[in-house]
Each structure stands twice: as structure tokens, then as C-alpha cells.
Amino acid sequence: GAGVSQSPRYKVAKRGQDVALRCDPISGHVSLFWYQQALGQGPEFLTYFQNEAQLDKSGLPSDRFFAERPEGSVSTLKIQRTQQEDSAVYLCASSPTRWYGYTFGSGTRLTVV
Amino acid sequence: QQQVKQSPQSLIVQKGGISIINCAYENTAFDYFPWYQQFPGKGPALLIAIRPDVSEKKEGRFTISFNKSAKQFSLHIMDSQPGDSATYFCAAGGGGSQGNLIFGKGTKLSVKP
Chain A
412 GAGVSQSPRY KVAKRGQDVA LRCDPISGHV SLFWYQQALG QGPEFLTYFQ NEAQLDKSGL
472 PSDRFFAERP EGSVSTLKIQ RTQQEDSAVY LCASSPTRWY GYTFGSGTRL TVV
Chain B
201 QQQVKQSPQS LIVQKGGISI INCAYENTAF DYFPWYQQFP GKGPALLIAI RPDVSEKKEG
261 RFTISFNKSA KQFSLHIMDS QPGDSATYFC AAGGGGSQGN LIFGKGTKLS VKP
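Residue numbers (this note's numbering), protein chains in the order written: chain A, 412 to 524; chain B, 201 to 313.
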């Protein structure tokens, strides 16, 4: 596709449930980023991949958050034992290089009830 | 040190007027300053960006002014249009990061016809 694709677009999870959010980056893009955007706030960095290597995971808020990109293309962000404070929009972005000007997807809105 | 402070939180401008949004940063190692535009339900889209070696960059109706000594930068939208109504985020990158950006909290712009 022409852009970054994220699925599902919306996810409602019961507190304590595990969720998996998928990101399909633009074909051939080396770099992939995950951000978390709380309501009315700016995006906050979670983690960064260069191909399949996770080079920075300093933004992951707890060990309940885990991200992978095993073949250097599709990435999955997994949240275990979801909590209400995890409710946010999760944005994925990709870039052809390490350059900052990357393209964001439309995000997955996660609501934990 | 890693914060980017953005103001105002919201802005109402008449059609044809000039919209001005300001940001300030603290980390002098930042070397990339983009502005993103976000519509409801969409991911942020890169609007314009500047490096600290220039004081101004213009692309169409959008201009970034950059003051390195004051550690401030601003977005000017000339001849504002109702279609410009969106949330705008400033961001900063660099300082040894792998490509992740630090975002401001956003400015909700409404352009009245």
C-alpha cells in the first residue's frame, strides 16, 4: 500500500486482557517507530526498530509492553495485562532511512474498560 | 531537558489571517525541528521542518522561524483557511537519539470563515 497501515483501528479490552496491535510499514522502509498518544496530548516515543533490530526501547512504560519486528517489515506491539492507563492511540511510523521525516499511520485507538 | 513547550493550547483565527504557534526547547543538542498537522482520527502528517543552521524556512503558506539563541521556534500560517483547522504539533529531534522525536502538547487551530 501507499501508506503505513495499522490494525485494528479500534480495540476495546477488558482490564487484564492481553492485546496485540499490528503495523504494516511502507514497503522497503528500514526504520519503524511506535508512539503512544494520550487524549489531547502529543505523541510520546515508545520504541524504534532498524530492520529487525530493536535499537531503542527506552520509551516503553513498563515490562507489560513488548514490541517485535521479526522479519524487518511488519511489527507488532503487545501489551500484557492491560490497565486503564494504557488507553490511548498507538501510532506507528516508518521511514526509508534513519531520517526523522517519517510517515505515520492513522493509529489504533485502545480503550481499556 | 527533554521537554518541548508549545503555546497556545488553542487558537481561533479568521479566514485570511495569520496563525502563529510557538515552541521552546531546552536541549541544545536538538538538531531537527519539524511541525506536524493532525486531523481527527488521523496520524500526524509532516508539514515543514527546519535545521538550526537556518533562521527561517518557507513552504507555500507555512513558515518556520527559528531563534537558536533563545531556543525557540514558531510556525506561521499565512492566509489561514478553514481547511487548516487541525491540531498542530511542534517536535524536536537529535541529541544522540536514534530518530525519535519529542513532541509538544499541541495547538488546536480553528479558522473561522
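Watch out, some of these pointers could steer you wrong.
Said to hold, decoys possible - Computed list of lysine-lysine pairs in DSS-like fashion (alpha-carbon distance at most 25 Å, straight line):
1. B:Lys205 / A:Lys422
2. A:Lys422 / A:Lys468
3. B:Lys305 / B:Lys205
4. B:Lys271 / B:Lys258
5. B:Lys271 / B:Lys215
6. A:Lys468 / B:Lys257
7. B:Lys268 / B:Lys312
8. B:Lys257 / B:Lys305
9. B:Lys312 / B:Lys271
10. B:Lys215 / A:Lys468
11. B:Lys215 / B:Lys268
12. B:Lys242 / A:Lys489
These are calculated hints, taken from the structure and not from any lab test.
Now the hints, each set against the structure:
no., hint, in the structure
1, B:Lys205 / A:Lys422, "violated, 31 Å"
2, A:Lys422 / A:Lys468, "holds, 23 Å"
3, B:Lys305 / B:Lys205, "holds, 7 Å"
4, B:Lys271 / B:Lys258, "holds, 19 Å"
5, B:Lys271 / B:Lys215, "violated, 30 Å"
6, A:Lys468 / B:Lys257, "violated, 33 Å"
7, B:Lys268 / B:Lys312, "violated, 33 Å"
8, B:Lys257 / B:Lys305, "holds, 23 Å"
9, B:Lys312 / B:Lys271, "violated, 31 Å"
10, B:Lys215 / A:Lys468, "violated, 43 Å"
11, B:Lys215 / B:Lys268, "violated, 31 Å"
12, B:Lys242 / A:Lys489, "holds, 21 Å"
Comparing the model with each numbered hint stated earlier shows that hints 1, 5, 6, 7, 9, 10, 11 do not hold.
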